[in-house]
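Chains as they are written, first to last, in the numbering used here: chain A, 1 to 215; chain B, 216 to 470.
No wet-lab data here; the hints were simulated from the structure. Glycine is no exception: its CB is placed at the ideal position from the N, C-alpha and C atoms. Certain hints may be false.
[Unchecked claim] Facing chain B, from chain A, some residues (calculated, C-beta under 10 Å):
id: 1; residue: Arg184
id: 2; residue: Ser192
id: 3; residue: Gly201
[Said to hold, decoys possible] Ranges between beta-carbon positions, derived for each pair:
id: 4; chain 1: B; residue 1: Gly263; chain 2: A; residue 2: Gly128; range: 52 to 62 Å
id: 5; chain 1: A; residue 1: Thr107; chain 2: B; residue 2: Glu272; range: 18 to 28 Å
id: 6; chain 1: A; residue 1: Arg211; chain 2: B; residue 2: Ser241; range: 36 to 46 Å
id: 7; chain 1: A; residue 1: Asp173; chain 2: B; residue 2: Val337; range: 21 to 31 Å
[To be verified] Footprint (simulated), chain B over chain A, 3 or more residues, beta carbon under 8 Å:
id: 8; region: 48 to 56
id: 9; region: 93 to 103
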Amino acid sequence: MSLATLLLLADGRLPSGGHAHSGGLEAQIAAGRVKDVAGLDGFLRGRLATGGLVSAAFTAATCGDVRRCAELDAGLDARTPSPALRKASRAQGRALLRAGRAMWPLTGAAGREPHQPIALGVLAAAAGLTPGESAVAAAHGTITGPASAAVRLLGLDPYAVHALLARLAPECDRIAALAAGRYRDPVDDLPSAGAPLLDIGAEHHATWEVRLFAS
Amino acid sequence: MRADARVVAESDGLGGTRLPVLRGESPLLLRRTGPRTGGGVTVHLVGGAAGPLRGDELRLEIEVGPGAWLEFRSVAASLALPGRSFLPASRLTVVATVAAGGTLRYLPEPLIAAAGCDHVAVTRVDVEEGGALLWRDDLVCGRHGEQSGDVRADTTVRYAGTTVYRHELSVGPAAPGWSGAAVLGGGRAVGTVVAAGPGTDPASAVPGPDAAAMPLAAGGLLLSAVGQDIRQVSAVLDPYCASHPTAQLRTLTPA
């Protein structure tokens, strides 16, 4: 285990295009559902408990056995009803693999354009991280991305947003541990927590002519 | 309380559908309803007792054979209630299979999560290649002016052996962020329809600001709607279900 390697994988400066995505936040801001730090808190807690849990579980499962990439990728398809979210996830997976190939010798098991958690799991495995560590990186990424986007979209106080992220850190650890504890489960038994407004919002967002974030 | 109910629909060989098995026990009582004409059969679930209450273990099995047409409804919303606190969560397991050439329209009234309830709804649907499915689930978070209880709905839909839809939705005080802007955003009602097989057009239009029609990756369609109350959800889902081509198959089922 290398803590520095884990920090590298969870760093928002990793050149994998993550900054171009708001994790569904832009659509919910436009719908008037997130206006301030309290609204962001509710958004991030829901995202962490749903998409965050699923991402962490599939990242850990991939990290634990990269030979499962194909079946895990199909499992994420079944958990991602929104075509716009599938597209965003695969775009991020592809960008992440590109960055990862420059950093570590990667297996080709994930294909060219896997879902983002599959790509993250492949990178984590190549970097020598454990499934549990990879789950922390995945869960962390599902809230830090939208949190940065919130600062740009709503002009929120960055100190207040990072104070929120600090409050969410224990919940992030809890979700990651929950996900990692199930990483050997059959695909159908892995977490599948969904968030209806993220799906619906992503579909509407994809039809906008002008938007700041890709998703 | 433990209860099992089971309905089997099969082709009668004359272009119609018969029910060789239709049995239930309180609170899951099943009744054949509707006209005896046409190719299909309608069955209503009749609540025979309050609940589900904590500690209840309920199981409903639906089997639709080749060439059979079944519409499954309920006479009223089901109301998940608290029950005694030391008992485990109430659980309703619905297991459905649809054979090639069979049609199942599962259109029950909503589940209402009364304050303090602890309920788990597990749904497993398996449709063979060539079977037609319309599967609706509506959930209301609390009665009027009431906090929501805890409900976890865990759904798997397989078509031709492939899992096309795998989804869990958790609402209530035990579900972090459920009323935040990612999950229901203050909405108190949510409804989904999973449609698959003959008759389902994956290119259906987006039906409103808090709803979407989404083609699933492995085939089929999910229609999802969130609303302040169930009327907003019904306004999106009712017309889709009523006009879905499986509604017409009732009179067209081949012999």
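Now for the hints, and whether the structure bears them out:
no.: 1; hint: Arg184; verdict: violated, 18 Å
no.: 2; hint: Ser192; verdict: holds, 4 Å
no.: 3; hint: Gly201; verdict: holds, 9 Å
no.: 4; hint: B/Gly263 to A/Gly128: 52 to 62 Å; verdict: holds, 59 Å
no.: 5; hint: A/Thr107 to B/Glu272: 18 to 28 Å; verdict: violated, 45 Å
no.: 6; hint: A/Arg211 to B/Ser241: 36 to 46 Å; verdict: violated, 54 Å
no.: 7; hint: A/Asp173 to B/Val337: 21 to 31 Å; verdict: holds, 28 Å
no.: 8; hint: 48 to 56; verdict: holds (count 4)
no.: 9; hint: 93 to 103; verdict: violated (count 0)
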